[in-house]
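Engineer: Knowing the structure of chain A, use the given hints to seat chains B, C, D, E and F on it.
Chains as they are written, first to last, in our numbering: chain A, 1 to 139; chain B, 1 to 139; chain C, 1 to 139; chain D, 1 to 139; chain E, 1 to 139; chain F, 1 to 139.
Mixed in with the good hints, there may be bad ones.
[Said to hold, decoys possible] To spell it out: a stretch of chain A is covered by chain B in this simulated footprint if at least three of its residues, at any positions, have a beta carbon under 8 Å from a beta carbon of chain B; those stretches are: (1) 5-17; (2) 28-40; (3) 73-82.
[Unchecked claim] Beta-carbon label-pair distances, calculated as ranges: (4) C:21 with D:88: 42 to 50 Å; (5) D:135 with A:20: 51 to 59 Å; (6) C:18 with D:36: 51 to 59 Å; (7) D:135 with A:110: 23 to 31 Å; (8) D:88 with E:21: 24 to 32 Å; (9) C:28 with D:71: 14 to 22 Å; (10) A:109 with B:92: 45 to 53 Å; (11) C:52 with A:109: 17 to 25 Å; (12) D:36 with C:127: 28 to 36 Å; (13) F:68 with B:18: 50 to 58 Å; (14) D:56 with A:54: 44 to 52 Å; (15) A:126 with E:56: 28 to 36 Å.
The hints are simulated quantities; they were obtained by calculation from the structure and are not laboratory data. It should be emphasised that the depicted structure is a prediction, and the values quoted were computed from it without experimental measurement. Just so it is clear, CB atoms sit at the ideal spot from N, CA and C, and this is done for glycine as well.
Number of protein chains: 6
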Amino acid sequence: MIFLTRKAEFSAAHFYWIDSWSQEENERVFGKCANRNGHGHNYTVEVTVGGEVDPVNGFVVDLKELKDILDREVVSVYDHRHLNYEVPEFRTAIPTTENIAIAIWNRLEGKIPKAHLHRVRLYETHDLFADYYGELDGE
Amino acid sequence: MIFLTRKAEFSAAHFYWIDSWSQEENERVFGKCANRNGHGHNYTVEVTVGGEVDPVNGFVVDLKELKDILDREVVSVYDHRHLNYEVPEFRTAIPTTENIAIAIWNRLEGKIPKAHLHRVRLYETHDLFADYYGELDGE
Amino acid sequence: MIFLTRKAEFSAAHFYWIDSWSQEENERVFGKCANRNGHGHNYTVEVTVGGEVDPVNGFVVDLKELKDILDREVVSVYDHRHLNYEVPEFRTAIPTTENIAIAIWNRLEGKIPKAHLHRVRLYETHDLFADYYGELDGE
Amino acid sequence: MIFLTRKAEFSAAHFYWIDSWSQEENERVFGKCANRNGHGHNYTVEVTVGGEVDPVNGFVVDLKELKDILDREVVSVYDHRHLNYEVPEFRTAIPTTENIAIAIWNRLEGKIPKAHLHRVRLYETHDLFADYYGELDGE
Amino acid sequence: MIFLTRKAEFSAAHFYWIDSWSQEENERVFGKCANRNGHGHNYTVEVTVGGEVDPVNGFVVDLKELKDILDREVVSVYDHRHLNYEVPEFRTAIPTTENIAIAIWNRLEGKIPKAHLHRVRLYETHDLFADYYGELDGE
Amino acid sequence: MIFLTRKAEFSAAHFYWIDSWSQEENERVFGKCANRNGHGHNYTVEVTVGGEVDPVNGFVVDLKELKDILDREVVSVYDHRHLNYEVPEFRTAIPTTENIAIAIWNRLEGKIPKAHLHRVRLYETHDLFADYYGELDGE
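Excised from the complex, chain A in its bound form (with noise of 0.2 Å):
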C-alpha cells in the first residue's frame, strides 16, 4: 500500500451568511467574511490516494487520469466561480474550509480507477487548512 498526493488549485469568491440570521448575529459569528458582496481566495486542494503499485509501470493511479478527473469534478466547476452563487452544494452548506473539503471528497469518491480516494486537504490560506477521509476513515 501506498499513498500519492496530488496539488492542484483554484480561485474563488465566496462568503459565509445564514439567511434566517439577523445582519448582528451573521457578523458575530462570521466577522468579515459576512460581507455579502464576498471576498476570495487562491485554494489548494490536495488529493491523496492509496493502492498498491503495480509492478509492471510503477504507478498506484495514472497521474495524466488523476489529473483529468480532478480537473474535470472539481477545478472546472470551482475555479474563477463566485462558490456561493455558482456551485450547486453551497446553495444549502456554507464553503468554509470543512465543508469544501467535504464536498471535494464527494465529487471525486468513486471516480478514481484502482486506487482508493484517501483524503482530501484543502487550503484556504497557507496557515489554514481541512482535511477529510470520509465518513468511515479514522486517520
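Structural biologist: Just chains B, C, D, E and F, lined up with the frame of chain A:
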C-alpha cells in the same frame, strides 16, 4: 541607502468587465475573469521603502509604524472586500494586478515618515505579480 | 469527522545543555546547540483539531476562538522569549523540537471547546519538525 | 510516542520506459516521461521516525546521526545521478515517485538506532508526492 | 511604467562537460555535475516585462498571450528534455544556470507584443538563481 | 553582464537595546525585541554577484568557491551564535535586519574573485527583509 521590505496579505474578490463592451468582447479579452459574480485571491503585497539607517537605533523606518500605515491604508480597506464594489478606485479602473499595485502605491505615497516609498510588489497568485516604482522612478 | 489545522509563528531563543554534564559532553551530544549564549529560530506551529462539522455554521471549531486560545496559551508565552530562561517547562526539560511540541500539546489540551486536539506539529526550521498526538492517540 | 521528520534534497535524472513495449505503447502510457534521453527533478525526501523522547537529552533520535544515515544511504547514492543507469534498484523497477519512495524506505529500514522508521515521503515536484509506511503499517 | 512577472516551470536533465578537457579537469571544475549520464532539476523561470498600463483594460500585456509565448518558445522546448542532447543552444554552450537564463532571454526577445522584455530569472534550485537583463540593460 | 544569487541560512539569537536609554525608552522603541534574554530567527541571506559569463565554462562565478566564501565569512561566524554577544560588529551596532545586511556586505566585499558583489538581501522572517547594494550602488 538601504531598502526594507514588509509583506502583508489580504483576501478579496474581483472580476474584469468593461460596461461598454458586449458579453462576448469581455469574455474574449478577460476569459474566466469576466464572470461578474466575481472570484477571488489571497493577495500578497510587498512594500519596499528606502532610506538611511538611523545610526542610533539601526532602523531605516519604524517597523511598527510601517505595519500600522500598511494596515490602515491598504489591508483594512481591501481585506475581505469585493474590490469592484467596495473600493473606490476600482469603480472606474479594472482591478488587474497592475492597477492594484498602482493603487496601493497611491495610497501609501507620502505617508511613510523618514523613508521614501521605493516599490510596491503585488502577488495575485504565487506565479503572477506586478512591480510599481511610481511615476518618476526607473528601476 | 473532519480535521482543521491552523498555523502560528513565534520567534524564540534556546540552547541545549545538561548541568550535570561537562562542557565536552554537552558539546559532543548537542554540537553547536550547546552554546549557552543561545541561538534562535522562527518556529511554526500547526495545531490540528478534529470533530464534527456543525450543520448550521459549517465549522468544526470557531476559528477566531482557536486563534485566541493559541495566542493566549502559546504565542504570547513563547514569542520573543528565551525558552530556557523564561518559559517554566524548559527550566527542567531541554527545549528540543520534540519537547516543545509536547509542551504546546500540554498547554492546549482540554482548552478547545467542541473539538478535540488531534496533533501538534512544530517546525524548528523548514527541514525539521516534530509531530505529537498526545499520550494515547496513535497516528 | 513522538514523530520527528527531517528533509533532504537531491537532484537526479530519470525516464520511464519498458523494454518489452513498443515506442508507441511507452509514449501512450508514460507521455513525455518516455523520452529516453532522460529529464530530471529536484527531489525532496522527508523521513519520519517515531519513538519515545529520551528523558535526559530530549531527543527521539540523534539528529546528527539521522542526517548522516540519510546522507550515506540515500543522498550520496541518488544525488547528481541518473536513476535509471546508476542506481541498482532502478535497473528493474521504473523510477516513479512511488517506487523511489519505496526504495528509500528499503535503504533506511533497520538502520536507524532507537527510533523506528515511520514514513518516507518523496516529492518529485512541489505538487506531486508519494508516502510509504512500509509493508505492515497502515497510516 | 509597470513591470509584470509570470512564472513557469519545466523539468529537464543536464550535465557540465568540456570535450577538450580531461575527465580529471572536468571533475575538478564541475564536480558532481560532470557526470555524463546527466542529473536534473525542476527549473522555475520568471519572465518580467515592462510597459505602460493600457488605460482601457488595465493590462501591461495580455496574460494569456504571454503564457502562450512562454509555453511555445521555452517550456515546450525545454520541458522533459535533456538540455545537452535535445536543445540546440546547449550543443555548444554548457547549460549552466547563467547560460540557460541568457538562452531563454534570446528565445523571448522581440516576441512579446506591446511590452518589452525586462528580466529573465531562472531558478535551478530554490537556493540558486540567475538574472539576465539583456545586453544593454543595467539593473 | 549577468547576476547570480545564492541563498544560505543561519540561526541566531539577538535583542535590541541601547544602554544609555531607560528600560521604558527601550521598550517603547523596540517593543518585545528589547527583551535582553534574547529571542532568535532562522535568517536567510541571498548574496547576488554580477559579472560576465566565462565563455568556456559558462559561469559568472565558481559556485563552490562562492559557497565556501559565504560559509567561511558569514555562516560560520553567525550560525548558532548570539549576535549581540558573539559577533564583533554587533557590540556597537544593534543587530537589526538593516544592520545585519550591511555587516554581511562588509564581510563579503572584495573577497569574491572575478565577479563583483551586487546585493545582499537578508530575511529575518518570511515577511521582512532588507536589501543592501553597498555605499555607491543605486538599485
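Engineer: All hints, please: hold or fail.
Structural biologist: To see whether the hints hold, each was checked on the structure:
no. : hint                         : result
1   : 5-17                         : holds (count 5)
2   : 28-40                        : holds (count 7)
3   : 73-82                        : holds (count 4)
4   : C:21 with D:88: 42 to 50 Å   : holds (43 Å)
5   : D:135 with A:20: 51 to 59 Å  : holds (53 Å)
6   : C:18 with D:36: 51 to 59 Å   : holds (56 Å)
7   : D:135 with A:110: 23 to 31 Å : holds (27 Å)
8   : D:88 with E:21: 24 to 32 Å   : holds (30 Å)
9   : C:28 with D:71: 14 to 22 Å   : holds (20 Å)
10  : A:109 with B:92: 45 to 53 Å  : holds (46 Å)
11  : C:52 with A:109: 17 to 25 Å  : holds (19 Å)
12  : D:36 with C:127: 28 to 36 Å  : holds (33 Å)
13  : F:68 with B:18: 50 to 58 Å   : holds (57 Å)
14  : D:56 with A:54: 44 to 52 Å   : holds (47 Å)
15  : A:126 with E:56: 28 to 36 Å  : holds (34 Å)
In summary, the structure agrees with every hint in the numbered list given earlier.
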